[in-house]
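S.K.: In case you want the letters, here they are:
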Amino acid sequence: MITLRIDDIPVQAEPDQTILDAAKAAGIRIPTLCHLPGLSPVGACRLCLVEIRNWNGKLVPACATPVQEGLDVVANSDRLRELRRTILELLFAERNHICAFCVANGHCELQDLAAELGMDHVRFPYRFPPLPLDASHPKFGIDHNRCILCGRCVRACSEVEGAMTWGFAGRGIFTLIEADLGDPWGDAKTCTGCGKCVQACPTGALFEKGRATGEQEKRPAIVAALTERRPRAQG
Amino acid sequence: MPKVRVATAWFSGCSGCHMSFLDLDERLLEFAGKAELVYSPIVDIKEFPDDVDVTLIEGAVGTSEHLHLLAEIRRKSRLLVAFGDCAVTGNVPSLRNPIPREEVLHAVYGDGSVPGLEGGEVPKLLPQALPLHAVVRVDHFLPGCPPPPDRIWKFLRQLLAGKEPELAREDLRFG
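Those protein sequence lines, which keep their order, are chains A and B.
In this text, residue positions in the first sequence follow the numbering used here: the first is 1, and each later residue adds one.
In this text, residue positions in the second sequence follow the numbering used here: the first is 1, and each later residue adds one.
Calculated directly from the structure, the hints in this document are not laboratory data.
From the three backbone atoms N, C-alpha and C, an ideal C-beta is built for every residue, glycine too.
Every clue listed holds true.
Sample of chain B residues at the chain A side, in silico, Cβ under 10 Å:
1) 91
2) 134
3) 173
Start from the sequences and build out the full structure, keeping to the hints where you can.
M.R.: Spelled out as structure tokens, the structure:
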């Protein structure tokens, strides 16, 4: 057992746990977005940044940082609240997230976090980029306007389904999620049509066809349920 | 105690926020007891008056007229509130923003005489529909599409009581 402190509360954790695991077990809320139980942590969205007091206030992603003996972690502070809100605002400003008529309105992790973290407006200029929507797949669609590049679809596809259909193409703000080598999703030979990517997606970027505004509920917990029933080979 | 001078204005929006305001129902009586509506799409006053305490603006800044009126409202209002998602984020009117305005106008009006393309009888359509705070200083943000009447009332009651209005959590939900 490892002992550490999170928000001045002494917490015990197993050596293979992350700071996020330990905080969860202690009932301390740390917001996450790219993290999804059942998938490997990547620390991509930075919303779970925490401060390590005895590392000179260094910021680390709680989802991807293993616990260590004696860590003094700050999970909630004014500095972290401001950083997390800024990250959210940058996500909203980067693409066209128009909650009012999104398929995921009311069932969106990005929308939920904006309310939770007190984001009453976005202080950065919106980019309003022209982005495509691919509806070539018979069952599902991908709307790049709503994508936050968390990569949950990419990991669900490779780590759980094993199809490796999804990948990242391009760099920085021009990155797009692509099926196979940039084929329309409907033409992707590797896609099994299982829909795990859709369930793992935290926003309205991936959706089931036939869903109107606010009708797309997601079941992200299905990913952990599957991996627990079908554990991957260890070691 | 003198009544609070409240104004509302309607820019690029569907009027849904004003409808939601009217859905305050019997609470409108309490509002009328404490506030005077000095300018609004629902009262017949043509000129924006001086010395307004609070102005709520619904809608994004989408035309040259909005730009002009927004500057006047900011100058004459002590507090300016972005009222609803279009005013806070651009929302639905901002859907046209990735498309050049000329393309949008020709798609709607065809190739002939296009209103709003150049100045004239009809205000000029701006290149993009923007949230209010992209143009002027905004004091408070009241999100929602539309903000539900309970949220509007929670906000207004604090304001009318002379308090700094505070909204949190579910009352900040977009959409």
